[in-house]
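Peer 1: Quick mapping for you: the protein sequence lines, in order, are chains H, S, G and D. The opening position of the first sequence corresponds to residue 1 in our numbering, with each subsequent residue numbered one higher. The opening position of the second sequence corresponds to residue 1 in our numbering, with each subsequent residue numbered one higher. The opening position of the third sequence corresponds to residue 1 in our numbering, with each subsequent residue numbered one higher. The opening position of the fourth sequence corresponds to residue 1 in our numbering, with each subsequent residue numbered one higher.
Treat the hints as calculated values from the structure; they're not laboratory data. Among these hints, one or two may not hold up.
Calculated cross-link-like contacts (lysine-lysine; reagent style DSS-like; alpha-carbon spacing at most 25 Å) [said to hold, decoys possible]:
1. G:K323 with S:K202
2. S:K570 with H:K569
3. D:K323 with H:K203
4. S:K216 with G:K336
5. H:K200 with G:K139
6. S:K519 with S:K572
7. S:K216 with S:K200
8. D:K331 with H:K202
9. G:K139 with D:K336
10. S:K202 with G:K334
11. H:K203 with G:K220
12. G:K200 with G:K13
13. D:K323 with H:K202
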Amino acid sequence: MTAQLDRLSPAPAKRQVLKSVTVRFAGDSGDGVQITGGQFTNTTAIAGNDLATLPDFPAEIRAPAGTLPGVSGFQIQFSSADIHTPGDQPDVLVVFNPAALKVHLGDLAPNGLLICDTSQFDKAHLAKAGYTANPLEDGSLTKFRLFPINITEKTLAALRSLESLSTREKQRCKNFYALGMAYWLFNRPIETTLRWIEDKFKKEPDIAEANVLALKGGYAYCEMTDTFQAVAYEIPPAPTSKGTYRNLSGNQALAMGLVAASARSGLPLFYGAYPITPASDILHELARHKNFGVVTFQAEDEIAAAAATVGAAFAGSLAVTSSAGPGIALKSEAVSLAVMTELPIVIVDVQRGGPSTGLPTKTEQADLLFTLFGRHGEAPVCLLAPATPGECFQYALEACRIAVKYMTPVYLLSDGYLANGAEPWRVPAAAELPQFPVKFETNPEGFHPYKRDPKTLSRPWAIPGTPGLEHRLGGIEKREITGNVSYDPENHERMSVLRRDKVNRIAEEIPLLEVEGDKDAEILLIGWGSTYGAIRAGCELVRARGVKAAQVHLRHLHPMPKNVGALVKKYKRVLCPEMNLGQLSVLLRAEHLVDVISLNKIQGQPFKAREIAAGILNALDGKPVKQPGASGAQGEDNHEFDSGA
Amino acid sequence: MTAQLDRLSPAPAKRQVLKSVTVRFAGDSGDGVQITGGQFTNTTAIAGNDLATLPDFPAEIRAPAGTLPGVSGFQIQFSSADIHTPGDQPDVLVVFNPAALKVHLGDLAPNGLLICDTSQFDKAHLAKAGYTANPLEDGSLTKFRLFPINITEKTLAALRSLESLSTREKQRCKNFYALGMAYWLFNRPIETTLRWIEDKFKKEPDIAEANVLALKGGYAYCEMTDTFQAVAYEIPPAPTSKGTYRNLSGNQALAMGLVAASARSGLPLFYGAYPITPASDILHELARHKNFGVVTFQAEDEIAAAAATVGAAFAGSLAVTSSAGPGIALKSEAVSLAVMTELPIVIVDVQRGGPSTGLPTKTEQADLLFTLFGRHGEAPVCLLAPATPGECFQYALEACRIAVKYMTPVYLLSDGYLANGAEPWRVPAAAELPQFPVKFETNPEGFHPYKRDPKTLSRPWAIPGTPGLEHRLGGIEKREITGNVSYDPENHERMSVLRRDKVNRIAEEIPLLEVEGDKDAEILLIGWGSTYGAIRAGCELVRARGVKAAQVHLRHLHPMPKNVGALVKKYKRVLCPEMNLGQLSVLLRAEHLVDVISLNKIQGQPFKAREIAAGILNALDGKPVKQPGASGAQGEDNHEFDSGA
Amino acid sequence: MSSTAAPETPKAKLTKADFQSDQDVRWCPGCGDYAILSAAQQVFAGLGIPRQNFVMVSGIGCSSRFPYYVNTYGFHTIHGRAPAVATGIKMANPELQVWLITGDGDALSIGGNHLMHALRRNVDLKILLFNNRIYGLTKGQYSPTSEVGKVTKSTPFGSLDHPVNPISLALACEATFVARTADIYQQHLQETLKAAAAHKGSVFIEILQNCIIFNDGAFKDVTDRAIRDDKQVLLEHGRPLIFGKGHDKGLRFNGLDVEVVQLGKDGVTEKDLIVHDAYAENQTLAYLLSRVENPVPMGLFRNVTRPSFEQRAHAQVDETIKKYGKGDLDKLLKGKETWTVN
Amino acid sequence: MSSTAAPETPKAKLTKADFQSDQDVRWCPGCGDYAILSAAQQVFAGLGIPRQNFVMVSGIGCSSRFPYYVNTYGFHTIHGRAPAVATGIKMANPELQVWLITGDGDALSIGGNHLMHALRRNVDLKILLFNNRIYGLTKGQYSPTSEVGKVTKSTPFGSLDHPVNPISLALACEATFVARTADIYQQHLQETLKAAAAHKGSVFIEILQNCIIFNDGAFKDVTDRAIRDDKQVLLEHGRPLIFGKGHDKGLRFNGLDVEVVQLGKDGVTEKDLIVHDAYAENQTLAYLLSRVENPVPMGLFRNVTRPSFEQRAHAQVDETIKKYGKGDLDKLLKGKETWTVN
Ligand SMILES: Cc1ncc(C[n+]2csc(CCOP(=O)(O)OP(=O)(O)O)c2C)c(N)n1
Ligand SMILES: Cc1ncc(C[n+]2csc(CCOP(=O)(O)OP(=O)(O)O)c2C)c(N)n1
Ligand code: SF4
Ligand code: SF4
Ligand SMILES: [Mg+2]
Ligand SMILES: [Mg+2]
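Start from the sequences and build out the full structure, keeping to the hints where you can.
Peer 2: See the structure below:
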């Protein structure tokens with residue numbers, strides 16, 4: 001839960017203890033905001049807080065300096081208790097220029113802490129950001145606790161001794177100065193970042209030294225300045241279960257999950273991809289792990305990436321491809337080939353704002369029906385979606401396991417928020433992980449490429465190089481059992497049904513949904529993917545008002561767990577929050593004929609807890625739930641939740 | 001309705017009058033079966049019968065002669081009354097070799113007429129077809145009225161006088177000999193075919209003469225042979241409304257509809273496509289009509305075809321692209337660009353058996369959810385589907401009209417059956433056709449590329465070359481009104497909703513569904529696309545048994561007519577027959593929460609009337625409707641309908 | 001045929017500013033793209049073509065943001081498909097001046113096939129390939145023009161793919177106009193763009209472009225002021241291939257190889273040198289020069305004429321109309337065989 | 001690395017019949033594809049490679065039905081994408097002998113880009129392009145190798161596109177082995193396939209193939225027995241380019257052009273002729289010969305070595321393991337910074 005700093009009376013000597021706090025850094029894309037955020041996150045994670053982060057950066061490499069589109073932001077909520085979202089609104093905002101102030105001020109909590117680097121609050125920069133007057137001086141910021149500090153100048157001062165660097169190079173260290181300040185404010189140790197700087201700038205010791213000086217400078221500045229004593233906080237570690245933890249983003253987790261799947265299946269990993277935001281980092285990560293036998297292939301395009309992946313699957317690799325919307329669209333025909341040839345491939349879709357090029361760096365959940373239905377003919381596939389960055393690890397493994405067990409393509413739906421968001425993750429021992437050693441078919445006796453396992457309906461995986469099992473695959477309809485080309489009408493129907501039923505069989509072994517929240521709830525929330533945390537936090541918000549709400553979250557989207565129907569029929573109201581215009585709700589309604597209510601947000605930004613909470617109350621009041629523009633039914637966001645609720 | 005010939009007592013002198021009859025020709029792909037069928041169809045159309053046809057040919061150009069996969073078939077039902085399908089089972093089967101007999105015999109009506117060219121019933125050919133004994137001799141055909149005739153030999157005899165041709169060339173005329181026989185049996189004039197031969201073989205007068213001799217030979221042979229007097233029939237013309245008629249296949253109709261749309265909108269037609277079965281013929285047809293100002297572009301692939309189509313739309317053409325499954329999959333990303341840039345394009349999908357390469361020459365309806373949802377992000381489009389070959393004309397026009405009025409991509413879903421099937425079509429006068437002259441934006445005053453028409457929500461179409469309207473389009477999210485690149489969260493939501501609502505607005509002007517059949521029906525059948533005729537015939541079958549059934553048929557699949565909800569809620573039972581595994585039913589169930597029952601067939605072949613009828617009776621009995629393999633619920637096809645019912 | 005351009009006379013004199021849009025340019029400070037944009041705007045102003053007849057088409061990439069900054073019609077399409085979109089535009093309206101802006105990834109990786117077919121068809125498109133030998137927009141992966149062993153985000157141990165030579169490829173794709181220039185050569189760039197505008201048919205220009213963020217200095221061995229005279233040779237039709245600071249070196253055939261010779265040494269004179277022929281139908285010389293890496297040939301490799309695709313397509317429409325008369329819809333609807341019910 | 005091929009010794013002697021599958025061959029009677037299939041089966045039998053190590057990969061087209069008829073592993077994939085699928089197969093298991101069968105539409109129209117990238121990467125694939133200058137399977141539309149003005153179903157008034165020259169293109173794509181042969185030349189075909197099998201890296205062979213149904217006689221001006229000797233010239237490494245019924249004609253340089261000369265006439269002798277060099281690193285000669293149309297060069301244009309892509313990829317894996325040790329999953333899971341809760 002977010003905390004409001006203004007509730008705390010200043011106490012100079014002793015640090016105020018807070019349960020949780022939300023901090024946002026914002027500046028020009030060139031200001032190193034993402035690095036600052038990343039470092040703050042790591043340090044905070046190691047300090048033992050629970051946390052969630054939300055990086056938010058522009059699609060351009062570097063939009064014109066000082067402009068609104070060039071602003072890059074990074075938000076983190078950290079807490080001494082369990083938390084589920086990066087926070088609805090920042091309690092602390094650190095901005096490096098007027099544009100960042102302009103873009104982010106609206107989100108800052110009333111009486112929130114506002115730290116401004118004043119160095120760019122000159123006429124030219126103010127104008128670029130669309131300010132006609134200087135907000136630091138025109139009294140417009142009195143609602144907040146403003147700390148106008150010329151951080152850039154102070155950074156230069158701190159680095160005065162370094163003669164080898166230019167002024168410009170020194171100025172670039174201001175993000176570490178600000179980071180040092182933030183560390184002091186929340187009583188974080190600076191060692192983790194010191195180590196990181198050392199490692200990162202191994203080859204540029206000057207730069208390393210400069211950053212170290214800046215970091216320490218910022219820290220010391222706060223310590224020595226009276227005004228900051230009033231805003232010195234302490235967020236005790238969150239009680240977590242025993243274990244070793246690390247901080248992890250969804251893309252990192254996903255990449256590691258694939259490496260783990262390779263190790264636990266005994267199959268070499270083949271990863272074919274073409275760069276695209278926000279999926280590229282998985283390729284970058286995997287390319288570093290060649291010593292795990294990983295073969296990465298940066299293809300000429302997504303079609304080739306997918307086609308090569310199908311080829312690698314045929315030849316016996318654990319074959320994975322990934323992309324985001326536009327590239328996933330291009331893979332459709334190759335995935336359809338994998339459906340027909342019943343080869344195991346995993347397709348990772350890191351969803352981003354669409355349609356078309358859309359909002360490349362923003363998050364969205366609008367590829368559900370697309371990946372489920374987006375192939376010609378009846379082309380059933382399995383669909384999984386992790387709910388948190390950490391789950392990206394687990395479901396990458398699970399996607400691989402299902403793919404090779406059922407000889408089927410599996411889509412793994414991540415999104416921009418999971419991909420770049422980070423959270424503490426309990427490191428499992430490799431030996432604890434599910435193991436699924438794959439046995440290729442080797443016995444020519446009675447071998448037929450489409451003879452199925454009666455339980456899974458899976459066909460044998462017989463790979464080139466195996467004597468006696470020579471056979472031909474292809475995209476034309478295959479005869480049952482023999483796999484020969486067949487245009488026979490009844491055979492086509494049988495095979496169509498077998499392909500469907502095989503995927504449906506997966507439901508036999510997937511865990512039933514567990515209801516979280518109130519036993520006797522009036523309303524059930526059902527979600528999927530990265531909305532998990534927001535839904536959970538939203539439920540907690542209404543619970544604080546005495547409303548009983550329960551929650552289930554789908555990780556298996558196709559097939560679904562067997563108890564979904566019973567659950568959605570059990571509650572008086574069912575609310576389905578999604579970052580799209582209503583897609584899961586189509587599936588639930590069609591399958592179970594239940595009047596599932598959609599709660600939609602499609603803004604490239606995750607849900608806030610309060611938005612979920614408002615949706616719940618509206619749904620219970622029988623009022624229209626806020627749905628973007630559903631003409632006539634435009635529900636009011638008529639329930640106010642302040643972050644202290 | 002199909003007729004059973006065996007019900008008629010033989011009467012040598014006078015022709016028996018039948019209401020309707022179903023004839024099937026079958027032979028090797030090299031035997032000219034499709035030409036025979038096409039000629040028989042044209043002649044029959046001109047004779048004034050109602051008719052429907054079903055060509056069925058292999059995916060190979062020419063599979064090995066005499067083998068089962070090489071068999072090509074053509075079925076026609078013709079009637080003196082309104083008919084809706086090519087017939088459930090042939091009353092007359094003409095086969096040119098053992099393989100054709102093997103493949104098609106199972107469909108022949110009991111006591112049906114079976115004409116066999118005996119010339120290839122030798123050991124080798126019988127073996128190729130998998131016969132161990134000669135069925136002409138082993139008594140296995142006694143259920144039928146068999147006419148074993150060495151047609152090939154008789155053809156050679158008829159052509160004896162032609163010295164310039166080789167024996168092989170002469171043998172190839174056997175299809176015209178058989179056609180001549182068929183013309184005699186059903187008392188058709190041979191003139192239409194004579195004219196066609198003349199025209200077709202203008203440059204090869206020898207061949208023309210040979211075919212003419214063969215045709216006349218076959219006709220004369222029947223006339224002079226006693227045995228045929230018993231099987232001389234007459235099917236009087238069908239009473240139709242006044243007008244000029246022609247025979248037309250769906251692909252022809254579709255191509256003409258596009259040309260008509262060009263003429264009636266005043267826009268030049270740009271048609272970008274890449275060859276693929278069964279859509280190529282539209283390209284072939286349009287390429288012949290360059291004197292209508294049609295620009296055809298055979299692109300390097302379907303991506304280029306679609307992308308060029310988007311470009312042509314930007315530049316002000318009536319821009320159309322087409323393909324079948326695999327190619328439609330490849331167009332998805334370009335269509336998504338058209339959604340974002342709100343450019344009018346029409347995408348014709350001639351559906352075929354899938355997934356992957358599937359069954360290229362067979363029909364299917366499994367691209368509904370694919371075309372509706374098969375794009376990343378929320379990417380709404382309009383979807384239309386003609387119900388008969390003739391309607392392909394009308395809906396091609398309508399697709400173009402909607403596309404340019406609403407500045408939206410429109411998918412037009414045809415299928416293999418409509419594409420190649422033919423029916424008589426009343427030729428409209430050009431001046432009767434809907435007119436929709438397009439006015440491009442030309443006024444720079446207050447121009448903004450994304451300023452919308454308040455009624456249609458459509459944006460202006462301002463094409464390059466227009467002074468003062470210079471603007472930039474692109475796939476990144478656009479700011480409302482100005483169309484500038486925008487990453488603003490609220491703007492993205494507004495635009496997502498506007499794009500959805502714009503497409504939904506089309507529902508304001510589309511005609512309400514009209515119920516056909518019994519007013520007080522116990523069951524409503526709801527279908528789409530090419531199943532129309534079979535559903536109608538199925539309803540008639542059960543009606544003959546006293547069951548009251550009603551039918552509605554969707555041509556507008558997205559958005560749907562406004563009264564769909566009211567209709568599906570009104571009837572006790574709603575049955576949805578589809579040539580897929582249940583797709584329209586997903587949409588109806590999700591939208592209206594009505595327990596729509598699916599009746600599925602996915603065999604690359606259209607429904608038979610009796611299959612629909614059985615489905616109706618089962619649904620009314622509360623018994624499981626036959627659904628392919630729905631495990632456990634495998635409904636029995638427990639209602640027998642013979643073709644005389 | 002469908003040009004709706006009002007047949008106005010163009011504004012007496014357009015200026016560079018007329019071609020600057022109201023959008024903020026969003027490239028990194030120091031990116032080579034700025035210079036190319038500026039050169040193009042300058043050249044456009046001088047062509048005497050009305051602004052509304054220009055269309056800028058691009059794919060996706062840093063370079064492909066180009067259309068937003070040019071105050072003409074523009075289309076920022078999808079990755080790799082710009083040649084196809086542009087072909088559609090040009091076929092729909094042959095009177096438009098269609099410029100295509102693309103990157104080494106956009107044109108040669110995902111879009112290689114469309115590029116190939118646009119070139120062989122000779123669609124009248126002016127294709128500017130901004131070659132920075134890297135994927136800029138996606139933050140630094142190697143591209144098809146990156147050198148073997150390139151260490152990038154996606155190839156931390158070095159890339160493995162043999163690079164493609166854009167000039168050789170364009171020639172093999174039967175391109176009619178093929179040239180190379182660089183972002184920092186304002187004047188040569190502008191001359192090349194002017195020549196491109198004058199060419200009727202596909203134009204392919206490789207522009208060496210520096211990506212200051214992810215591949216800084218990729219061409220400094222060629223274009224750095226200090227060394228450039230010795231590291232490159234200018235291709236000018238009809239002129240001997242002389243280069244070097246002191247105009248003292250030249251290229252000479254050695255069988256089918258090309259060798260660098262010192263003028264004046266061993267009796268070598270200008271007459272021994274290769275004389276460039278950009279207009280030759282036979283493209284062997286152009287191809288051979290495209291293989292030369294030291295010095296790097298800059299300038300015009302090839303410039304020949306062949307009827308352009310959209311011209312032919314519309315000519316075919318016109319001829320058909322001439323031959324068969326303008327299409328009569330009623331006749332078409334009737335077809336060959338009809339029957340009438342009264 | 002992941003070869004699961006049992007290290008059996010191959011059957012003492014495989015025969016052609018061992019490479020015939022049980023599927024009926026479904027090409028039109030008289031189609032050139034039969035001869036190519038037969039040659040390939042013959043050659044495969046003699047390579048001493050176990051049957052299970054062969055993989056036939058194809059796209060879509062008549063030619064692409066090939067894998068069904070060869071009794072090895074096979075994959076009839078999707079239109080144009082065979083080079084990508086094959087790259088995946090070969091990268092997954094470098095020990096496999098991967099042959100790729102494709103048509104002029106499959107390889108050069110929809111699949112042009114994948115072909116280009118497979119070649120420049122030098123993936124060890126043996127690519128056989130059946131060039132019949134038409135789309136066979138879809139019943140006769142023009143293809144990228146069809147001559148201008150081709151009347152087909154989709155171009156009733158004649159095609160407009162300038163054709164692409166497959167050999168020039170392959171060379172510009174940096175292919176290491178480039179050859180041309182024809183369906184009806186059993187012996188030369190077999191020799192060429194044998195040489196292909198011996199080459200480590202991408203092989204590109206254009207096979208002129210007659211489509212008797214939709215483009216009959218497309219190559220009769222070149223390959224007809226009566227005229228072929230005068231209409232084609234055989235490229236053999238190290239041999240002068242002599243041709244003609246009486247071995248009386250040859251090819252000679254004329255600057256960068258090639259001209260036909262009569263041996264013995266005007267004092268022309270063998271020594272004046274071009275001596276073919278297929279092994280030259282410099283590909284200019286090969287490219288120049290690819291442009292010659294009369295006589296049509298048949299045989300080996302180019303054959304050089306460069307490490308193959310999959311080899312390099314696996315070498316990189318091996319080197320990384322050598323350098324950093326075999327990956328330790330526990331270490332990876334932990335990463336650099338962890339903390340512990342007790
Ligand atoms: C279908 C698709 N795949 C991938 C991407 C991601 N993407 C955008 S630009 C780009 C490459 C850009 O490189 P280049 O063409 O060289 O342009 P540059 O940025 O260097 O100017 C990629 C991979 C995309 N937008 N769409
Ligand atoms: C994505 C896709 N587009 C189009 C087709 C239809 N198609 C199949 S083969 C083919 C062209 C075949 O020509 P070619 O490659 O020259 O092979 P050939 O039949 O001549 O041997 C086409 C267009 C397809 N199967 N898939
Ligand atoms: S990333 Fe490189 S190419 Fe892109 S704008 Fe920046 S400098 Fe230019
Ligand atoms: S259509 Fe042509 S290429 Fe295809 S099988 Fe027949 S002859 Fe061969
Ligand atoms: Mg680049
Ligand atoms: Mg071909």
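Peer 1: Can you name, in rising order, the numbers of the hints this structure does not satisfy?
Peer 2: none
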